[in-house]
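*Asks:* If you're matching them up, the sequences are chains W and H in order.
Using this note's numbering, you'd call the opening residue of the first sequence number 1 and step up by one each time.
Using this note's numbering, you'd call the opening residue of the second sequence number 110 and step up by one each time.
Keep in mind that a hint or two might mislead.
Straight-line Cα separation of at most 30 Å, BS3-like style, residue types lysine-lysine; simulated pairs [stated by the list, open to error]:
no., chain 1, residue 1, chain 2, residue 2
1, H, 203, W, 53
2, W, 55, W, 68
3, W, 55, H, 203
4, W, 53, W, 68
5, W, 54, W, 68
6, H, 118, H, 203
7, W, 68, H, 118
8, W, 54, H, 118
None of these hints come from the bench; they were simulated from the model.
A quick note: this is a predicted structure, and the numbers were derived from the prediction, not measured.
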Amino acid sequence: KNEVEQSPQNLTAQEGEFITINCSYSVGISALHWLQQHPGGGIVSLFMLSSGKKKHGRLIATINIQEKHSSLHITASHPRDSAVYICAVRSRSGSRLTFGEGTQLTVNP
Amino acid sequence: NAGVTQTPKFQVLKTGQSMTLQCAQDMNHEYMSWYRQDPGMGLRLIHYSVGAGITDQGEVPNGYNVSRSTTEDFPLRLLSAAPSQTSVYFCASKSSYNSPLHFGNGTRLTVT
Numbered sequence: 001k002n003e004v005e006q007s008p009q010n011l012t013a014q015e016g017e018f019i020t021i022n023c024s025y026s027v028g029i030s031a032l033h034w035l036q037q038h039p040g041g042g043i044v045s046l047f048m049l050s051s052g053k054k055k056h057g058r059l060i061a062t063i064n065i066q067e068k069h070s071s072l073h074i075t076a077s078h079p080r081d082s083a084v085y086i087c088a089v090r091s092r093s094g095s096r097l098t099f100g101e102g103t104q105l106t107v108n109p
Numbered sequence: 110n111a112g113v114t115q116t117p118k119f120q121v122l123k124t125g126q127s128m129t130l131q132c133a134q135d136m137n138h139e140y141m142s143w144y145r146q147d148p149g150m151g152l153r154l155i156h157y158s159v160g161a162g163i164t165d166q167g168e169v170p171n172g173y174n175v176s177r178s179t180t181e182d183f184p185l186r187l188l189s190a191a192p193s194q195t196s197v198y199f200c201a202s203k204s205s206y207n208s209p210l211h212f213g214n215g216t217r218l219t220v221t
């Protein structure tokens with residue numbers, strides 16, 4: 001079992017839909033990151049969180065430390081949100097990030 | 110600020126050839142790292158550096174060398190390219206241990 005599991009692997013939505021991408025991990029962590037990889041390949045950091053909830057525009061990230069689970073929500077989705085969304089965790093015992101395989105999101109107009 | 114700049118964007122090598130992937134950042138970040146991204150796998154750490162003159166191995170270091178002579182630059186050297194090194198390579202930097210990562214645009218390498 002991978003340390004970081006994302007679901008779903010692929011997600012297709014219609015413009016305007018509310019989207020949820022999930023990330024589960026198996027170790028105690030000090031931080032969890034959500035990243036976005038554009039169709040052209042570039043990767044940008046969306047959120048870094050260790051507890052609670054963060055919001056930026058239409059994006060919301062939540063984390064439940066006890067359940068070892070995080071969700072990334074996108075409200076009022078738009079075709080420009082089409083990308084791969086990657087979850088990564090830093091364990092409490094280490095300095096390195098462990099990455100999930102990513103969720104491919106396609107938002108159709 | 111340009112952020113993290115990687116060159117080249119694309120490269121094709123023959124088995125046994127050597128090359129250097131360049132990475133430079135202009136944000137004065139202490140931490141720099143190299144990852145490779147392969148289909149069906151998450152990003153994997155090759156080598157990293159916590160400051161000039163300091164480097165360490167990541168998860169998949171074999172076949173790669175790095176050096177960090179300045180804060181700005183962190184080149185990745187392939188000593189003798191193998192088809193298994195066909196991948197997309199990303200350089201990343203961050204200002205401190207618990208800061209977000211800033212990624213370069215990636216280098217797509219094909220080894221034939």
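*Asks:* Hey, residue 54 of chain W versus residue 68 of chain W, does the alpha-carbon distance stay inside 30 Å?
*Replies:* 17 Å, holds
*Asks:* With a cut-off of 30 Å on the C-alpha distance, tell me whether residue 55 of chain W and residue 203 of chain H pass.
*Replies:* Holds, at roughly 21 Å.
*Asks:* Given the hinted pair residue 203 of chain H and residue 53 of chain W, is their Cα-Cα distance within 30 Å?
*Replies:* 22 Å, holds
*Asks:* Has the given pair, residue 118 of chain H with residue 203 of chain H, been kept, meaning a C-alpha gap of at most 30 Å?
*Replies:* Holds, at roughly 21 Å.
*Asks:* Measure nothing beyond the straight line between the CA atoms of residue 54 of chain W and residue 118 of chain H; if it is 30 Å or shorter, mark the hint as holding.
*Replies:* 33 Å, violated
*Asks:* Compare the distance between the alpha carbons of residue 68 of chain W and residue 118 of chain H with 30 Å, and conclude whether the hinted pair is satisfied.
*Replies:* Outside the cut-off at roughly 37 Å; violated.
*Asks:* Is the hinted pair residue 53 of chain W and residue 68 of chain W satisfied, with a Cα-Cα distance of at most 30 Å?
*Replies:* 14 Å, holds
*Asks:* Taken at face value, is the distance from the CA of residue 68 of chain W to the CA of residue 55 of chain W at most 30 Å?
*Replies:* Distance ~20 Å between residue 55 of chain W and residue 68 of chain W Cα, so the pair holds.
In this structure, the earlier hints numbered 7, 8 are contradicted, and the remaining ones agree with it.
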